[in-house]
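Undergrad: Chains as they are written, first to last, in our numbering: chain D, 1 to 707; chain Z, 1 to 707.
No distinction is drawn between identical chains; accordingly, a pair holds when it is met within one copy or between any pair of copies.
Computed list of lysine-lysine pairs in BS3-like fashion (alpha-carbon distance at most 27 Å, straight line):
(1) K205 <-> K155
(2) K395 <-> K145
(3) K334 <-> K145
(4) K38 <-> K3
(5) K268 <-> K155
(6) K423 <-> K232
Since the hints were derived computationally from the structure, they do not count as laboratory data.
2 protein chains.
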Amino acid sequence: MDKIFYPDSIVVVGVSDNLNNLAKVIAENIIRFQYTGKLFLLGRNAGKLNDYPIYGSFDDLPEGIDLAIILTPAATVPGYMEECGKKGIKNAIIESGGFAEFSEEGRLLGEQILAIAHKYGMRFVGPNCIGIINTENGICSVFLKVEMDEIRPGKLALLAQSGGVVLTCTDVLGGGGVGICKTVSVGNKLDLSETDYLEYFLQDKATDQIVLYLESIDNGRGLIELARAAEKPIIVYKSNTGQASAHIAHSHTAALANDEQIVNAAFKQFGILRPKTFHEMVNMAKGFTMPPVRGNNLAVFSRSGGHAIVSADLASEFGFGLPPYPQEVYDRAKEFFRAAIIDENNPLDLGTVFNFDSFPILIEECLRSMRPDAVMLVFNYRRETIPTARNIAEKLKAMSQAYDTPIGLVYFTETDEISWLEKNLGYPVFPEVYEAMSAFAASREHNRYRQHQMTTEARPQEIVKELIPKDAAQQATRLLSSAPGRPLMIQEALELIQFYGIPVAPWALAPDIEGAVQSADQIGYPLVLKVVSAEISHKSDLGGVALNLKDRHSLEQTFLDMQQRIHTQAPDTAISGYLLQKMVSGGREVILGGKRDRSFGPTVLFGLGGVYVEVFNDAALRLAPLARSDAQSMIHELRSSRILEGARGEAPADIKEIEDNLLRLSQMMMDLPDILEIDINPLMTFEHGSKAVDARIVLRGEPGKPA
Amino acid sequence: MDKIFYPDSIVVVGVSDNLNNLAKVIAENIIRFQYTGKLFLLGRNAGKLNDYPIYGSFDDLPEGIDLAIILTPAATVPGYMEECGKKGIKNAIIESGGFAEFSEEGRLLGEQILAIAHKYGMRFVGPNCIGIINTENGICSVFLKVEMDEIRPGKLALLAQSGGVVLTCTDVLGGGGVGICKTVSVGNKLDLSETDYLEYFLQDKATDQIVLYLESIDNGRGLIELARAAEKPIIVYKSNTGQASAHIAHSHTAALANDEQIVNAAFKQFGILRPKTFHEMVNMAKGFTMPPVRGNNLAVFSRSGGHAIVSADLASEFGFGLPPYPQEVYDRAKEFFRAAIIDENNPLDLGTVFNFDSFPILIEECLRSMRPDAVMLVFNYRRETIPTARNIAEKLKAMSQAYDTPIGLVYFTETDEISWLEKNLGYPVFPEVYEAMSAFAASREHNRYRQHQMTTEARPQEIVKELIPKDAAQQATRLLSSAPGRPLMIQEALELIQFYGIPVAPWALAPDIEGAVQSADQIGYPLVLKVVSAEISHKSDLGGVALNLKDRHSLEQTFLDMQQRIHTQAPDTAISGYLLQKMVSGGREVILGGKRDRSFGPTVLFGLGGVYVEVFNDAALRLAPLARSDAQSMIHELRSSRILEGARGEAPADIKEIEDNLLRLSQMMMDLPDILEIDINPLMTFEHGSKAVDARIVLRGEPGKPA
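Throw the hints in and build the complete structure from the sequences for me.
TA: And the structure:
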């Protein structure tokens, strides 16, 4: 990958001096960006471009070229890749479109290219992209004319699935004063994918923070594994979120939609920031150019009372505290206030202070005596105050570095002056309090996640060992191997979760009435009776479920009725037996679920039974494996968790027991790749302990499911 | 009010040639803004400023001056107001601070000023403000130096409680290309309040849309009455929303906090738009400079596939439909597409169209053949395309007017060019899809509300007549007059709601066991028995409630036990009697509530009983009086309304009956100003009909309540 971003030599393939030739534009951009390596041009017809010869054949090129940039009709790309391979060029950027995003023929062309690349050990960017920009060594492989000063140099690495969006991002980031070191437009991601680039950016010394724009996440698990250990902030703008966009995304970069609930859960779990707009994305990136926000203590100085109120509103919205200032700050302020009467408050309203030079003095006093996690100066001023305001900005920029504390400059003035500051100050300026506050919040979230990662308990696997019988995985695998290509029966599902230590209400499977009576005596009354049959999907419609059987007499009676009814109404149904289960009552119902996502792998879900998941969509989702802290946070993040805690006067449910069961389920999902879905619904939870009552498992290879 | 914004002559009071004199700055601003009327200056010492004499006494001023602008120390303001009054000056702007926001003495000074104003029939703006700007006649009463070109002229009227925020708004609105006709900084609102200004702006011919920044809403009801009939869009940025800001808001403009849930409900009910940020406020205002969005059909043209995907995501987020284009549009497009192969879709991805002049051609074809409610062009381009892009913008601006359809220009390019366009195009340009989409959505919301207002059913009062017994108000008033200064007992509360036709489960009040048995025979079993006592607030703690009494025997037994228990545990308690009530079961519990807000007046609340209101905060709130459509929308906006509709397989509840009861409760709140709060909790609802089981009413003048 290093030779893609830092090649010593490049050949641009497809160049001609034709007016509409796009490869020519690439070459011209590279020349204009003062590329520091050697540049070669290749086209069907030999010729000249600026002072560079256009070679007509690969034979004429020197050996040892690091990177080929190809922009020729799709059908010709395999041929050029073959030539590159033969010539020993190990890296390529394929910008041509017309592959899987365009047609079936295109998809096949793509496969051909992939095969050639494998044959020669080549890696490539694209196809269907605008390639890369590297502001360090002057590469700009975009096929639209770009001036060097259109891309602000800096320390942000940017990846986008769409070429158009790459340049949108460089524009908006640059406009916000955030510079770029590298960009890559990944197009169809036929070979190199977002995880490859991300891995590279994470170790790249020129990169301080990473922004990705993605229309699809094909390897969510890989992305998350990288994010888990990342020290650099990762900001992902994910589009293609709804039905309306699915079609167009596919025809744009052959992108498949993701399950957005899983994307959100995974990002949150692993500290990836997800802006909703480009504006928010820039704002986050601006925040990360300041020292990190390490906690919640905020100090606000505002020239206007109105903006002080807005600041206080937003601080509480974003969960920042505004502790009173130390007396030193107020004492210092007295020198500058009219009549030395100060409303001692944070935010400090500087409305009656007309000597603006006091602002940096007060802020430095605050940094010294209070050591806040972040400072904000809200400064509204008119044109005549521009020189003073610029001077204050310079001072606070230096102070932010000196005290390793972010100082959010919220400057309210004419927009031209804001633009000037964003371009020239080299330190972020925010055009309103909301933006500084949300940038602080993003920085705090990133640092919280980093902190959490460093202090987190031992690896999940070690913890769950205590909770799970030793031979669980073996027993489960044996059971599953006995059910290839068919759905599991309820008794198998119950056995499976029991292997993993999840408590199940006592049950037995009886073939007939005699067996039922015998098992009932062992389990004890009251009982539930259910018919078991792969052919009956809605048991209760057929009267195949009977609750609360209190004694042998009612069991016998009910059994015979049920048998008779099914025989009459569905005479050809194969019955596997009858499930007897101890009737459980008095607990609160919760739902534990597992699902294997195409992209993100095994996930675990938790919610309360009844209307909570269904009507309020109040469910918590995490990627497995869970740490205990994950299980805890899953329970607490539910709005309905108050019901488990005893909101209505009941005793609290056994929360630790629920956590244990979530950890067990998580391990099941990790151990048993054949399980696509599992639902334990309900698990009855009590003041002490819990009992699962029903379980449903969907296996890989079942009719209608992927193999 | 007209003479405040359009005075023929102004006197600025407090001017001197002292370096720090602020009244001088006001005078200089008015001169700089080329005020079209006559300007007089007055100060303690006669003198000269520019070519204007500074008069030393009111006696030297001519008669018939329309407006005085006063900026002198607070203590001197009553004197100057007295002089103005004597001189026949009917209008003033008091910019001085130091009143209720500062101290108790200040508050008293304010009262003095108000008395003087009443004496002379004067009205005034402020105090504690920066007064007004009128770009039509060149008034700028700000006491900071403002250049004329800092305020972009236009058709928006702006009111802000904070002077700092006025100028912030003119900066950000101007930066977004939205011009201003008038601004007013209302300060402490001691005399003229936001409703006075709003009323004026609504009829002002120079004003097309209105923005308010408010830290408190003292007369919410008045605001809402104006909004109800308003044809112009009203945008209100409301701050001072949390505990952290309450203190600072009070010391800033003596502002009191509002109940934010009521503010939100009232704004939504009456079509007031509430932005969360200044940025969003500007964005809404930009939207209102285009033709209105009258429906949901959106047409998107995007040069980049990536942005087309983002557009489709956001269209569905904001509830816009993207119907397929008529064939005419695709046919027209074929001329411009590479290989004439078009992915026939809306958004139309113009990625392979290199002749940008096609954009207006395709959009005009779309306007002609499809008649969409709104069009969006998403155009990302580099510097070399600037002239073309500007030309397209001009064409689409004209087309938007010609077809009376908003065309959202989403231009992605360098920020300097965006700024240039915002300043010079005279038509809004949006820097990302999200912003154009949310501006469209705000416009649609305003127009929907206008539409709803025009087509709404007859006035609420006429409808509820059928639902409420004729003499309800009389009977209720009589009952309430018998309970001055004390809380209502449960039987009185039940009677009161029965007067209004709200069904109550049959009940009776019995003094003793004989009475209880007699009443029970009339009501029928099963029954609930409750002790009634003003002194027992938690009946169940004392065993004062017994449910499901099935026959006379158990009633007698329970009655005696209860009597005995209370006598033993709380021997001195005065018992008013025992309430017997028919036990109601099998229905779904709902909660109907009413509350009289200090600022917004009577409100009505609806929610489902149990955890829904408590845990999920799932309640609907409206200002009374309700129209039937309000009652309907209250029920449907609840997430838990699915439970009433029978989400879990039950028959749906009697929704019409719930609406009727909400309308009855609404009328109660309108008729009976002594009721501060009422809770009907629960009202049991059935497939047919409903029965209230309990009601609690709080009256004005009760111990601990306002009189």
